[in-house]
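Turn these sequences into a full structure, and let the hints guide you.
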Amino acid sequence: MYLFIHQYPIEITSFIDSSRKFNLFIDLKEISFSPALFKGLSGDILLHGVEMDSFSKILLWLDKNENPSIHKITIWVEYEKDFKKALEKNFDVIRAAGGVIINEDTCLMIFRRGKWDLPKGKIDDGENSEMAAIREVKEECNVDAIIQAKLCTTWHHYWAMGKIIFKKTKWYLMTTQSPETILPQHEEDIEEIVWMTKEEVNQALHNSFTSIAYVIDNFYALEAHK
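Final position of the sequence shown in the working numbering is 226; the numbers increase by one with none missing.
Incorrect hints may appear among the rest.
What the hints assert, rightly or not - Straight-line alpha carbon distances no greater than 25 Å define the calculated BS3-like cross-link-like pairs of lysine-lysine that follow:
1. K122 - K84
2. K89 - K198
3. K138 - K89
4. K57 - K163
5. K57 - K84
6. K64 - K138
7. K81 - K163
8. K85 - K163
9. K72 - K57
10. K84 - K168
11. K163 - K150
In case anyone wonders, no lab produced these hints; they're calculated from the structure.
If you want it as structure tokens, here you go:
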């Protein structure tokens, strides 16, 4: 499970590869969370013993503070499914879907609210994630797309009505037979749609979101195994 709090990528997992190296290991069963604890952190951090109460405190700290020295936070849990259930019990979760649309050697990117992004949106009543992804691509980009494979799932947070909401987005690899029909949906603040080469996508990611970079990385990994 990958969760993104602003620029911070958080992996929540029950499996830790023995070959993986961390800069610091913190067991929150032995050390209580405090803001001072996180201020001096850097590199890849492994957290263990994270209950929902301490997770909420970590979440609020990451939401309100910047520490560019933190590269990634991994939360090691006993059962990932149980953590997801607890998350959905304690927070409102909005379900969404989106796509990486490719045409020959190019990938569709949209420019929205000052950032390069990918088309995505909320799953409507009566839809599954695949239906929603196809509809959102059509609405936001005027492109008829066909799903080729599941890529990944991301979680990110935002504030609404004075509380934190999580958005769970399922991402799909998609193709189209009509790349020339692109038209930005201005009602969704989409200013521009561009078919980009891999080099152009990598450049655009410098002005994007950490979660979008993660989705693109999953796309690259899938392409590399073809």
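Structure-based check of all given hints:
1. Simply put, K122 and K84 have alpha-carbon atoms about 19 Å apart, close enough for the 25 Å limit, and the pair holds.
2. Using a Cα cut-off of 25 Å, the hinted pair K89 and K198 is violated, with the two alpha carbons roughly 40 Å apart.
3. With a CA separation close to 33 Å, the supplied pair K138 and K89 exceeds the 25 Å bound.
4. Proximity of K57 to K163 is assessed by CA-CA distance (about 14 Å); at most 25 Å being required, the pair is judged to hold.
5. Proximity of K57 to K84 is assessed by CA-CA distance (about 17 Å); at most 25 Å being required, the pair is judged to hold.
6. Straight-line distance between C-alpha atoms of K64 and K138 comes to about 35 Å, which puts the hinted pair past the 25 Å bound.
7. With a C-alpha separation of about 24 Å, the suggested pair K81 and K163 falls inside the 25 Å cut-off, and the hint holds.
8. At most 25 Å may separate the alpha-carbon atoms for a hinted pair to count; K85 and K163 meet this at roughly 19 Å.
9. Restraint check: the Cα-Cα separation between K72 and K57 comes to about 17 Å, which is no more than 25 Å; the hinted pair holds.
10. Under the criterion of a C-alpha separation no larger than 25 Å, the hint pairing K84 with K168 is consistent with the structure, at around 11 Å.
11. Between the alpha carbons of K163 and K150 the distance comes to roughly 31 Å, so the proposed pair goes past 25 Å and is violated.
In terms of the numbered hints stated before, the structure departs from hints 2, 3, 6 and 11, listed from lowest to highest.
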